[in-house]
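J.: What follows is the residue order along each chain.
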Amino acid sequence: MMLQGDKIVKQYNHKGGLINALDHVSFTVEKGDFVTVTGPSGSGKSTLLLSLFGLIRLSSGTVIFDGKRIDDVSDRHLTDIRKKSVGYILQHFALIPYLTTLQNVMMPLALEKIPGTEQLKRAAEILDYVGLSDRMQHLPRELSAGQQQRVAIARSIVHRPQIIMADEPTGNLDPTLSLEILEFLKKINRENKITIMMVTHSPVAAEYGTMKLHLNEGKIVNL
Amino acid sequence: MTISKLVLIELWKRKSQLITGLLAITLGISVIVAIQSVSIVSEQNVARNLDNLGANILVLPQGASIDDYYTSDIDAPTLPMDYVERILTSTIAGVDNMSPKLTRRVKVGNQSVVLTGILPKSEIASKPLWQSSGLLGTALKTACAPNQSANESHGLEDPKLKRKAIDTLYSNDCLAGSQVAQRLKLSANSKVTIMGKEFKVVKILAETGTVDDDRIFANLKDVQKLLKLENQVSAIEIMGCCNAISEGLLGQLRNILPDTRITTIGQIVSTQIETNQLMKKVTLIMLVIIFFVGGISIGNFIWANVNERKREIGILRMMGAERSVIYKMFLLKAIILGIAGGILGFLLGTLAGVVLGPYLAGILVKPVYLYLLWSVLLSVSISLAGSLIPTYLAAKFDPHNNLQED
Ligand SMILES: Nc1ncnc2c1ncn2[C@@H]1O[C@H](COP(=O)(O)OP(=O)(O)OP(=O)(O)O)[C@@H](O)[C@H]1O
Ligand SMILES: [Mg+2]
Numbered sequence: 000m001m002l003q004g005d006k007i008v009k010q011y012n013h014k015g016g017l018i019n020a021l022d023h024v025s026f027t028v029e030k031g032d033f034v035t036v037t038g039p040s041g042s043g044k045s046t047l048l049l050s051l052f053g054l055i056r057l058s059s060g061t062v063i064f065d066g067k068r069i070d071d072v073s074d075r076h077l078t079d080i081r082k083k084s085v086g087y088i089l090q091h092f093a094l095i096p097y098l099t100t101l102q103n104v105m106m107p108l109a110l111e112k113i114p115g116t117e118q119l120k121r122a123a124e125i126l127d128y129v130g131l132s133d134r135m136q137h138l139p140r141e142l143s144a145g146q147q148q149r150v151a152i153a154r155s156i157v158h159r160p161q162i163i164m165a166d167e168p169t170g171n172l173d174p175t176l177s178l179e180i181l182e183f184l185k186k187i188n189r190e191n192k193i194t195i196m197m198v199t200h201s202p203v204a205a206e207y208g209t210m211k212l213h214l215n216e217g218k219i220v221n222l
Numbered sequence: 000m001t002i003s004k005l006v007l008i009e010l011w012k013r014k015s016q017l018i019t020g021l022l023a024i025t026l027g028i029s030v031i032v033a034i035q036s037v038s039i040v041s042e043q044n045v046a047r048n049l050d051n052l053g054a055n056i057l058v059l060p061q062g063a064s065i066d067d068y069y070t071s072d073i074d075a076p077t078l079p080m081d082y083v084e085r086i087l088t089s090t091i092a093g094v095d096n097m098s099p100k101l102t103r104r105v106k107v108g109n110q111s112v113v114l115t116g117i118l119p120k121s122e123i124a125s126k127p128l129w130q131s132s133g134l135l136g137t138a139l140k141t142a143c144a145p146n147q148s149a150n151e152s153h154g155l156e157d158p159k160l161k162r163k164a165i166d167t168l169y170s171n172d173c174l175a176g177s178q179v180a181q182r183l184k185l186s187a188n189s190k191v192t193i194m195g196k197e198f199k200v201v202k203i204l205a206e207t208g209t210v211d212d213d214r215i216f217a218n219l220k221d222v223q224k225l226l227k228l229e230n231q232v233s234a235i236e237i238m239g240c241c242n243a244i245s246e247g248l249l250g251q252l253r254n255i256l257p258d259t260r261i262t263t264i265g266q267i268v269s270t271q272i273e274t275n276q277l278m279k280k281v282t283l284i285m286l287v288i289i290f291f292v293g294g295i296s297i298g299n300f301i302w303a304n305v306n307e308r309k310r311e312i313g314i315l316r317m318m319g320a321e322r323s324v325i326y327k328m329f330l331l332k333a334i335i336l337g338i339a340g341g342i343l344g345f346l347l348g349t350l351a352g353v354v355l356g357p358y359l360a361g362i363l364v365k366p367v368y369l370y371l372l373w374s375v376l377l378s379v380s381i382s383l384a385g386s387l388i389p390t391y392l393a394a395k396f397d398p399h400n401n402l403q404e405d
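Listed in order, the protein sequences are those of chains A and B. All residue numbers for the first sequence refer to numbering that gives the first Met the number 0, where the first residue is 0 and numbers rise by one. All residue numbers for the second sequence refer to numbering that gives the first Met the number 0, where the first residue is 0 and numbers rise by one.
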């Protein structure tokens, strides 16, 4: 088992009241799984995805990653885990607007202080893999939505993470592009044995899951 | 990629914003540099004046100010040459030596130089009237200022006193101050044409660090003729005996020299010292203002930048950037802004000092390169101080709340 959540609770304080975004959520993910997380809007999918590695602090519950508890470690430690072992893909691509494709993809390696030539080699390799070798010097706004999401995918895998967390990666793309992106993720999952946890609204995307989590009002429900 | 490179790329992409960010700090630094470069020169002048009093009493035309004496503008008032003889023929005791001067700013080619007419000792001595006054032989034996032999006995070169002791300066000959010689590319025995008259440069004077360095000295009579101011002088410098000054020499001189302004160099020096002290206070006040205004302005600029880049900060934190990376991003930017503000401020301020110094203070201002270091240090510390709070807040941003597309 590589990632396990046990009785995860996240409560938001909102205008004096408490919102139970996650209500005793438990699950286990094995290495190499392609996990899909579905559920209605507001059911807590993004909260789950972002809280597991500390982007949102949990109210209670335990998270075990790679055999170690990570819900009670320092912010610094969680940051370090994100840097080395996790790749994120978001709905709105989340690229740095003033950096070129190549520079955006090099950023995770820069944060790990990997030497420049090595960065260049690896980023170019990954961009070739996602089919963007001829767009390396483009800025995000000079790319189509599908191309931007492929840059984001390249960025999420360039540092060879153990797990990719994707929050509605196809939410902003038309059906054809969505399929293309999903096929990429599947390829990454199969070829590189990278675990994927993907939040999605789309039934088509949900079909890619080898393990499926469904949330409703912060609780796991079995369909 | 490195974080430093990211900072540089971002700076470059938003370079037009820099102007607003840098404005306050650049202006502030340049004002301080300008004031400082002007006042350091006038401080040096005061020090030299105190050190090397060539004369201790100055007789100026009624309407003339001390500035006129220094700047020698074209319409500066003059007084009649007769006054020299009036002093000599009077019964006033305690006048050791005197030197009438006519000074005007003139053009040589396209350069502006100050032409000063002086009387060499030989000509003063050759006047029978003056011989009988007992001036002969006393030469430069000054009463209270350090005299030539005293200076020399201390191993000091004293070019100013030496110049005053010039024995002869023939018609058509001239002496050039070190700076003016440099500007006009003059050397001993070269020729220079001033207002249509050719002069032979007999000597380049050693640098004194005073206004004299920027002057050309010629025989008073030549200068009077050239300027069409026959029998007029702009000032009479008098070496008076200290005891005599305290016993009322100034009052006696005023009695026989109507329509003149008679001051002691001591008074001039003390006004200069007062001005310099005022300048120091102004600089200090400016420093405090710059620190707050510049700091707040840079802080505001960085805070706007932080807000504009909230999402980017969230993305970086998501990718595993520690808070220290966020600190580095914005503080490095602040340092670069500080360096730029310091350099620009130094350049602007020095330019202002060099251009305006001669007009406003009547002194030659040279760039003080050490101020570049101080400007940059000051500017960087202001910029860093102003950026600390916005950067601290940026590093504390909750990454999750800033990931959403706005
Ligand atoms: N920062 C916040 N402060 C207060 N409440 C929040 C905050 N973020 C989310 N919530 C609430 O928590 C609940 C779960 O939100 P979450 O974003 O996880 O839903 P989701 O399943 O991702 O929805 P969607 O499919 O629309 O993206 C919602 O009711 C939401 O209003
Ligand atoms: Mg969501």
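It cannot be assumed that every hint is accurate.
Stated by the list, open to error - Lysine-lysine pairs mimicking DSSO-like chemistry, simulated, CA-CA at most 27 Å apart:
(1) A:83 <-> A:14
(2) A:120 <-> A:6
(3) A:112 <-> B:365
(4) A:112 <-> B:224
(5) A:120 <-> B:184
(6) A:30 <-> A:186
(7) A:82 <-> A:186
(8) A:83 <-> B:395
(9) A:120 <-> B:190
(10) B:309 <-> B:280
(11) B:327 <-> A:83
(12) A:112 <-> B:280
(13) B:309 <-> A:14
(14) B:199 <-> B:184
(15) B:280 <-> B:395
(16) B:309 <-> A:112
(17) A:82 <-> B:365
(18) B:106 <-> A:112
(19) B:199 <-> A:83
(20) B:4 <-> B:365
(21) B:280 <-> B:106
(22) A:82 <-> B:327
(23) B:4 <-> A:83
(24) B:12 <-> A:120
(25) A:14 <-> B:395
(26) A:82 <-> B:4
(27) A:82 <-> B:224
If you are wondering where the hints come from, they were derived from the structure by calculation, not from laboratory data.
J.: Next, verify each hint and record whether it holds.
T.: Status of the hints after comparison with the structure:
no.	hint	verdict
1	A:83 <-> A:14	violated, 37 Å
2	A:120 <-> A:6	violated, 43 Å
3	A:112 <-> B:365	violated, 47 Å
4	A:112 <-> B:224	violated, 79 Å
5	A:120 <-> B:184	violated, 60 Å
6	A:30 <-> A:186	holds, 15 Å
7	A:82 <-> A:186	holds, 23 Å
8	A:83 <-> B:395	holds, 22 Å
9	A:120 <-> B:190	violated, 70 Å
10	B:309 <-> B:280	violated, 42 Å
11	B:327 <-> A:83	holds, 20 Å
12	A:112 <-> B:280	violated, 49 Å
13	B:309 <-> A:14	holds, 24 Å
14	B:199 <-> B:184	holds, 13 Å
15	B:280 <-> B:395	violated, 41 Å
16	B:309 <-> A:112	holds, 23 Å
17	A:82 <-> B:365	violated, 54 Å
18	B:106 <-> A:112	violated, 64 Å
19	B:199 <-> A:83	violated, 82 Å
20	B:4 <-> B:365	violated, 37 Å
21	B:280 <-> B:106	violated, 37 Å
22	A:82 <-> B:327	holds, 17 Å
23	B:4 <-> A:83	holds, 21 Å
24	B:12 <-> A:120	holds, 25 Å
25	A:14 <-> B:395	holds, 22 Å
26	A:82 <-> B:4	holds, 19 Å
27	A:82 <-> B:224	violated, 87 Å
The structure does not agree with the numbered hints 1, 2, 3, 4, 5, 9, 10, 12, 15, 17, 18, 19, 20, 21, 27 stated previously, though it agrees with the rest.
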